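Peer 1: The residues making up each chain are set out below.
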Amino acid sequence: MRPVGLVLEHLWTWYRRNWRATVVSSVLMPLMFLGAMGFGLGSQIRPGPATAGLPYVVYLAPAMLVALAVQVATGESSFPVLGSFKWDQRYFAITSTPVTADQLLTAQAVWVALRVLVSGLAYMAVAALFGAFINVGALLAVPVSVLAGMAFGAWVLALAASVNDEGTTFGNVFRFVVVPMTLFAGTYYPISQLPAWSRPLAWVTPLWHGNELARAVEFGHMDVLTAAGHVGYLLLLTAGGLLLARRRFHVRLKV
Amino acid sequence: MAALLLRVVPVGSYAGRAHAVVERSALVNRRNWLLVLSGVFEPLFYLFALGIGFGGIVGDLTGPDGHPISYAAYVAPGLLAASAMNGAVHDSTFNIFLKLKYAKVYDAMLATPLGPMDVAFGEISWSLIRGGIYAAGFLAVMAALGLITSPWAVLALPAALLVACGFAAVGVGVATLLRSWQDFDLILLVVMPMFLFSTTFYPITVYPVYIQVAVQCLPLYHGIELMRQLTAGAVGWSALGHAAYFAAMVLVGGWFATRRFGKLLLT
Chain A
1 MRPVGLVLEH LWTWYRRNWR ATVVSSVLMP LMFLGAMGFG LGSQIRPGPA TAGLPYVVYL
61 APAMLVALAV QVATGESSFP VLGSFKWDQR YFAITSTPVT ADQLLTAQAV WVALRVLVSG
121 LAYMAVAALF GAFINVGALL AVPVSVLAGM AFGAWVLALA ASVNDEGTTF GNVFRFVVVP
181 MTLFAGTYYP ISQLPAWSRP LAWVTPLWHG NELARAVEFG HMDVLTAAGH VGYLLLLTAG
241 GLLLARRRFH VRLKV
Chain B
1 MAALLLRVVP VGSYAGRAHA VVERSALVNR RNWLLVLSGV FEPLFYLFAL GIGFGGIVGD
61 LTGPDGHPIS YAAYVAPGLL AASAMNGAVH DSTFNIFLKL KYAKVYDAML ATPLGPMDVA
121 FGEISWSLIR GGIYAAGFLA VMAALGLITS PWAVLALPAA LLVACGFAAV GVGVATLLRS
181 WQDFDLILLV VMPMFLFSTT FYPITVYPVY IQVAVQCLPL YHGIELMRQL TAGAVGWSAL
241 GHAAYFAAMV LVGGWFATRR FGKLLLT
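Keeping their order, the protein sequence lines are chains A and B. If you count the first sequence from 1, position 84 lands on 84 in the working numbering, and the numbers rise without skipping. If you count the second sequence from 1, position 248 lands on 248 in the working numbering, and the numbers rise without skipping.
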């Protein structure tokens, strides 16, 4: 445990000095999207079956939290991890001490989860002030969003440990996976609005399961078995991604 | 005429080889084609997601000519103008800053027979070629989806290039002022709210009057209005005013960028 704590302390020491740079992308952005889509476009949307009878901004707010989680997890698992292998090679420095590769990966994954958690709480606090959350149950959406973030972020960790070319990989992941996922996996509207053939694509994504869960904990309407299915799928994805990341860390850090 | 040109343009600043700079950009991006192509897809993702997904929820909105239009037809020209802005700003700030400060591409170019005007023309041409491909692709999809109802839409392509040119000119000027990568957050902080709040996704009437006035000062608002008039075929004299906004951006931004470049590279 102690080695994991030491690596975390190292990450925190850096972050303590540089946290301002992350506020724009991890808190302000989702709030602006919530303002434009939730309040602006939402004013054109009458509460109806598609929004579960809720004002649009209330319907959107918990899903925006999950989308934010996936984005922060992706960002935090991509360039910083690749950079630690390639640019300043600090992972090699760390594992040349008694810290093992497994402990390093554990600390890195916990760090990503913490970043997601803190960004989510900050977003939720501000959004709640504007009345976008109507139910204390929404607090449960925070752990849900962390789980959904990790279910995707773990795979990005594995990818970052595998690639050596910083130029295009992450840009492509963001543009061809993260952005479409945010647009088509039930964040802005239920996937029942989309043609039937495209829905299975949303079912595969962690974001859709996170959205369903986050809305369920705030608004209800979900039986326990369905909820367990969503949680199980997200846990499975997280575990799979971490196992793959573990293999890649070991290969890359082998001396 | 030639004598006048020689007096206005300092000797040696233009060697008539801007095409070499374009050729370089094409070579560099050859391996990066997926990232280049992704510029076509991003606005299309938004168009499909919002047009189809919200289509059943939002209902019809009022078009520029007062007639109701579908949400997809409403949002598409907004996305076209916004993607012209995003592409131009990304190209003119991020890429130029990298080449200017880190890769030292321009210092290397100026050590060849190329002059600063070759570099400027070459970079602008490449940026416009890219922007033109993106806009043409988007317009083709709009036409295929039946979102274009007027021959005026042919002018949407040059309009997109004008919008891109305006943002690029200001962007290049801003790029010469940037100190480090952290400053890109500030650019993001200008571009993102503009993308979200300049009536891309919903009519300006949702705002109270004083915010309406503020939004009408933003350049993207005028780009979107221009584009909406063209794709809906409801072109009025105000279109000239919207276009003039961007012409002014090109002139002011271009003048400032030229001055800064001369200072940074030729001293």
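Everything labelled a hint here was simulated from the structure, so no lab data went into it. Keep in mind the model is a prediction, meaning the values are calculated, not measured. Watch out, some of these pointers could steer you wrong.
Unchecked claim - Which residues of chain B face chain A? A few of them, derived with a C-beta cut under 8 Å, are:
| hint | residue |
| --- | --- |
| 1 | Asn32 |
| 2 | Gly53 |
| 3 | Phe54 |
| 4 | Gly56 |
| 5 | Gly63 |
| 6 | Trp152 |
| 7 | Leu178 |
| 8 | Gln182 |
| 9 | Asp185 |
| 10 | Met192 |
| 11 | Val206 |
| 12 | Tyr210 |
| 13 | Ile211 |
| 14 | Cys217 |
What the hints assert, rightly or not - Beta-carbon label-pair distances, calculated as ranges:
| hint | chain 1 | residue 1 | chain 2 | residue 2 | range |
| --- | --- | --- | --- | --- | --- |
| 15 | A | Thr97 | B | Ile211 | 51 to 61 Å |
| 16 | B | Asn29 | A | His221 | 41 to 51 Å |
| 17 | B | Gly236 | A | Val224 | 53 to 63 Å |
| 18 | B | Gly146 | A | Ser192 | 53 to 63 Å |
| 19 | B | Pro208 | A | Gly48 | 39 to 49 Å |
| 20 | A | Trp19 | B | Arg260 | 25 to 35 Å |
| 21 | B | Val141 | A | Leu236 | 46 to 56 Å |
| 22 | A | Arg20 | B | Ile211 | 24 to 34 Å |
| 23 | A | Ser192 | B | Gly236 | 37 to 47 Å |
| 24 | B | Pro158 | A | Pro200 | 17 to 27 Å |
| 25 | B | Ala244 | A | Gly48 | 40 to 50 Å |
| 26 | A | Phe130 | B | Ala20 | 47 to 57 Å |
Every residue, glycine too, gets a C-beta built ideally from N, C-alpha and C.
Peer 1: Work down the list of hints and note, for each, if the structure agrees.
Peer 2: Hints and how they fare:
Hint status for asparagine 32(B) relative to chain A: holds, with the closest Cβ pair at about 6 Å, below 8 Å. Here the hint on glycine 53(B) is kept, as its CB sits about 4 Å from the closest CB of chain A, short of 8 Å. Taking 8 Å as the C-beta cut-off, the interface hint given for phenylalanine 54(B) holds, the closest approach to chain A being about 6 Å. Hint status for glycine 56(B): holds, given a least beta-carbon distance of 5 Å to chain A, under 8 Å.
Given the 8 Å rule on beta carbons, the hint for glycine 63(B) is violated: about 14 Å separates it from the nearest Cβ of chain A. Interface restraint check: tryptophan 152(B) against chain A, minimum CB-CB distance 26 Å, threshold 8 Å, status violated. For leucine 178(B), the suggested interface contact is broken, since its CB lies about 14 Å from the closest CB of chain A, more than 8 Å. The restraint placing glutamine 182(B) at the interface with chain A holds, with a minimum CB-CB distance near 6 Å, inside the 8 Å limit.
Checking aspartate 185(B) against chain A: minimum C-beta separation of about 5 Å stays under 8 Å; hint holds. At a threshold of 8 Å, the smallest CB-CB gap from methionine 192(B) to chain A is about 6 Å, leaving the interface hint in force. Of the supplied interface hints, the one on valine 206(B) holds, with its beta-carbon coming within about 5 Å of a beta-carbon of chain A, less than 8 Å. Below 8 Å, beta-carbon pairs count as interface contacts, and tyrosine 210(B) has none with chain A, the closest being about 16 Å; its hint is therefore violated.
Nearest Cβ of chain A to the Cβ of isoleucine 211(B): about 10 Å, over the 8 Å cut. The hint is violated. Hint status for cysteine 217(B): violated, given a least beta-carbon distance of 18 Å to chain A, over 8 Å. Between threonine 97(A) and isoleucine 211(B) the beta carbon distance is about 56 Å. The supplied range of 51 to 61 Å therefore holds. Checking the proposed 41 to 51 Å range against asparagine 29(B) and histidine 221(A) shows it holds: the Cβ atoms sit about 49 Å from each other.
A C-beta distance of roughly 59 Å is found between glycine 236(B) and valine 224(A), which places it inside the suggested range of 53 to 63 Å. A hinted range of 53 to 63 Å is violated for the C-beta pair glycine 146(B) and serine 192(A), which are about 24 Å apart. Checked against the hint of 39 to 49 Å, the C-beta distance between proline 208(B) and glycine 48(A) comes to roughly 26 Å, which is inconsistent with it. Take tryptophan 19(A) and arginine 260(B): their Cβ atoms lie about 32 Å apart, and the range 25 to 35 Å holds.
Here the CB-CB span from valine 141(B) to leucine 236(A) is close to 37 Å, at odds with the stated 46 to 56 Å. Here the CB-CB span from arginine 20(A) to isoleucine 211(B) is close to 28 Å, well matched to the stated 24 to 34 Å. Taking the beta carbon of each, serine 192(A) and glycine 236(B) are about 40 Å apart, inside 37 to 47 Å as hinted. Between proline 158(B) and proline 200(A) the C-beta distance comes to about 41 Å, which lies outside the given range of 17 to 27 Å.
Take alanine 244(B) and glycine 48(A): their Cβ atoms lie about 42 Å apart, and the range 40 to 50 Å holds. With their beta carbons about 53 Å apart, phenylalanine 130(A) and alanine 20(B) fall inside the hinted range of 47 to 57 Å.
In terms of the numbered hints stated before, the structure departs from hints 5, 6, 7, 12, 13, 14, 18, 19, 21 and 24, listed from lowest to highest.
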